[in-house]
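Student: Residue numbers (our numbering), protein chains in the order written: chain A, 78 to 409; chain B, 78 to 409.
Think of the hints as simulated: they come from the structure by calculation, not from any bench.
Please note that the accuracy of each hint is not assured.
Covered, in the sense of this in silico footprint (three residues per stretch, anywhere, with C-beta under 8 Å from a C-beta of chain B), are these stretches of chain A [as the list claims (entries may be wrong)]:
no., segment
1, 103 to 110
2, 113 to 123
3, 156 to 165
4, 170 to 184
5, 190 to 204
6, 226 to 233
7, 334 to 340
Between beta-carbon pairs, the in silico distance windows are [to be verified]:
no., chain 1, residue 1, chain 2, residue 2, range
8, B, 136, A, 97, 32 to 42 Å
9, B, 360, A, 106, 26 to 36 Å
10, B, 386, A, 269, 46 to 56 Å
11, A, 265, B, 192, 50 to 60 Å
12, B, 221, A, 255, 47 to 57 Å
13, B, 172, A, 106, 35 to 45 Å
14, A, 97, B, 397, 39 to 49 Å
15, A, 96, B, 135, 30 to 40 Å
16, B, 136, A, 173, 12 to 22 Å
We put the beta carbon where it would ideally sit given N, CA and C, even for glycine.
There are 2 protein chains.
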Amino acid sequence: MASALAASGEDSLIARYFRPLATDPGAFNLDDDAAVLKPSGDDIVVTTDAVVEGVHFLSGDPPETIARKALRVNLSDLAAKGATPSGFVLTLALRAVDDIWLKPFAEALGQDATHFRCPLLGGDTVSTPGPLMVSITAFGRVPSGGMTRRSGAAAGDRVFVSGTIGDATLGLQILTRGKVADAVARDLKGRDFLIERYRVPQPRLALADIVREHASAAMDVSDGLAGDLAKLCNVCGVSAAIDIPSIPLSAAADDLVSRQVVGVETLIAGGDDYEILCTVPERSAASFAQKARLAGVQVSCIGGVVAGSALPKFIDRDGAELALQQLSYSHF
Amino acid sequence: MASALAASGEDSLIARYFRPLATDPGAFNLDDDAAVLKPSGDDIVVTTDAVVEGVHFLSGDPPETIARKALRVNLSDLAAKGATPSGFVLTLALRAVDDIWLKPFAEALGQDATHFRCPLLGGDTVSTPGPLMVSITAFGRVPSGGMTRRSGAAAGDRVFVSGTIGDATLGLQILTRGKVADAVARDLKGRDFLIERYRVPQPRLALADIVREHASAAMDVSDGLAGDLAKLCNVCGVSAAIDIPSIPLSAAADDLVSRQVVGVETLIAGGDDYEILCTVPERSAASFAQKARLAGVQVSCIGGVVAGSALPKFIDRDGAELALQQLSYSHF
Numbered sequence: 078m079a080s081a082l083a084a085s086g087e088d089s090l091i092a093r094y095f096r097p098l099a100t101d102p103g104a105f106n107l108d109d110d111a112a113v114l115k116p117s118g119d120d121i122v123v124t125t126d127a128v129v130e131g132v133h134f135l136s137g138d139p140p141e142t143i144a145r146k147a148l149r150v151n152l153s154d155l156a157a158k159g160a161t162p163s164g165f166v167l168t169l170a171l172r173a174v175d176d177i178w179l180k181p182f183a184e185a186l187g188q189d190a191t192h193f194r195c196p197l198l199g200g201d202t203v204s205t206p207g208p209l210m211v212s213i214t215a216f217g218r219v220p221s222g223g224m225t226r227r228s229g230a231a232a233g234d235r236v237f238v239s240g241t242i243g244d245a246t247l248g249l250q251i252l253t254r255g256k257v258a259d260a261v262a263r264d265l266k267g268r269d270f271l272i273e274r275y276r277v278p279q280p281r282l283a284l285a286d287i288v289r290e291h292a293s294a295a296m297d298v299s300d301g302l303a304g305d306l307a308k309l310c311n312v313c314g315v316s317a318a319i320d321i322p323s324i325p326l327s328a329a330a331d332d333l334v335s336r337q338v339v340g341v342e343t344l345i346a347g348g349d350d351y352e353i354l355c356t357v358p359e360r361s362a363a364s365f366a367q368k369a370r371l372a373g374v375q376v377s378c379i380g381g382v383v384a385g386s387a388l389p390k391f392i393d394r395d396g397a398e399l400a401l402q403q404l405s406y407s408h409f
Numbered sequence: 078m079a080s081a082l083a084a085s086g087e088d089s090l091i092a093r094y095f096r097p098l099a100t101d102p103g104a105f106n107l108d109d110d111a112a113v114l115k116p117s118g119d120d121i122v123v124t125t126d127a128v129v130e131g132v133h134f135l136s137g138d139p140p141e142t143i144a145r146k147a148l149r150v151n152l153s154d155l156a157a158k159g160a161t162p163s164g165f166v167l168t169l170a171l172r173a174v175d176d177i178w179l180k181p182f183a184e185a186l187g188q189d190a191t192h193f194r195c196p197l198l199g200g201d202t203v204s205t206p207g208p209l210m211v212s213i214t215a216f217g218r219v220p221s222g223g224m225t226r227r228s229g230a231a232a233g234d235r236v237f238v239s240g241t242i243g244d245a246t247l248g249l250q251i252l253t254r255g256k257v258a259d260a261v262a263r264d265l266k267g268r269d270f271l272i273e274r275y276r277v278p279q280p281r282l283a284l285a286d287i288v289r290e291h292a293s294a295a296m297d298v299s300d301g302l303a304g305d306l307a308k309l310c311n312v313c314g315v316s317a318a319i320d321i322p323s324i325p326l327s328a329a330a331d332d333l334v335s336r337q338v339v340g341v342e343t344l345i346a347g348g349d350d351y352e353i354l355c356t357v358p359e360r361s362a363a364s365f366a367q368k369a370r371l372a373g374v375q376v377s378c379i380g381g382v383v384a385g386s387a388l389p390k391f392i393d394r395d396g397a398e399l400a401l402q403q404l405s406y407s408h409f
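Extracted from the complex, chain A is given alone in its bound form:
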């Protein structure tokens, strides 16, 4: 009997591409059916997010960026919860084993796993007749009881976001060739920047401890600032007043708004930012902003939490409230 019979295609692809990523002793070299997370006294924070071809990334996206996005959307959740990454498990649904695709996918995933100190612990590789899907469950650690919740914001707290808002949705619009694509046709640098923001989120792990120590509530902005802020306020039983000119925009996004190619509502209702949205009590706001700056991450105060159960208001330069047709991306 040929010994090749012993190793199925699935086992062989796991050995070839993913074993090198399983550097944690609890991964048992991917030779077992399960992994082990050792107790440390810390709480283990668990988050799970999937990316689907044609929904979260485009068919033509490079395997490297698909891998990075799949992991980073989960790391972004950990950062918003104040957690330090400790590992992840991966479910990969593939139409076929394509080495040309798998090799750069696994290499990029491994680079990110190393960079963010979040090793692969285990996984499942399945065939699908449908779109490629990468589902990741990631683990992080926080001191017992210390996870930053989505609830906890109180009237008077300041509202902060990290990074810049709206770049990713512009990047997606460029890739899907709408009017934004035409508008940046001659600005290759801006074009590439916006596409990269869509394809490769930057999980704000450098903020994790600072968020945990300062924020009253936090989440990551994944479906759109307006909708995600509404969710946070809803859980907290509060509302918010946001000052539109304070919303941080990249130079590329600002240019498109100035030229009236897109309105600001496109940016605040668009998805895929993967920035941290948090509320900070007024007395801690200066310390929060200072520590974030020292950690090298831009944070911007965009408004305040107010009492009430109304949807958050977005106020423009003239004091008028922006009417939003849509708050965020919804899958259904």
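Please arrange chain B on chain A, whose structure you already have, making use of the hints.
Tutor: The following block gives chain B in isolation, referenced to the frame of chain A:
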């Protein structure tokens, strides 16, 4: 602004169908971006398995059985690792929100979660243009360092399996209307039994502690007994000799073999058994079998571990080795 804008379709379906399943305090009522596993001094065992429409279940399968199978294939892994379930996270990729489908799916998942004491901790619901997919990461607990590994079998150990082998692959063949379907056309009881074995695995959690206390190595049989035993032996650096007449068959499977509708090789190379395969040192074999009986789970000794690196041999009643064309199901 209509307040309906605040709740996206995704949030509303999570609230309606899945919040009732999130009974663990660490699930935060599904109101947060992450869940928390509290430290207990035990190791946390992590396993992840996905089921895909058209691959692990059929398009026409009832939502109830899809839900149960998705959770149970993971619980089966926990049982084989000697772990007690403590919770799971769910990724559900859906083409659309179909209440007629989601209601029974969530209810059955909730029933199993309650029955197996494995509450929903969190999840992600995404849209897909492709097949339905349910990816679950499940958590269990074992005393520190106590997880039963896939490695550890030594020459002389006895090889055991729980339950009966080959029913599920026959059930699949009935559903896909091959010769097995014709052969059971008049045996409705046998037909229903085999289909149920395909659709609703029985995770052998009653064996978890007994496996952990007795087995030198264990895994669950998910891709086929022959292939999974080969994997186990390969990790352990041993081989095995299996006595075919000792392989436990259900009455329905035995009938089909006796009537020569299928050969035994179909049963031992077919997938979806979700039974426990383990090796037990000879001195503990009697105790293992007795305790399993007391726990109400049938276990059968089907052979022994032998030295060497050859593929496991399957020996028939006449002492001849069965030639296997295929060891197990492979996705690729």
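Student: Tell me, which hint numbers fail for this structure?
Tutor: The structure breaks only hint 7.
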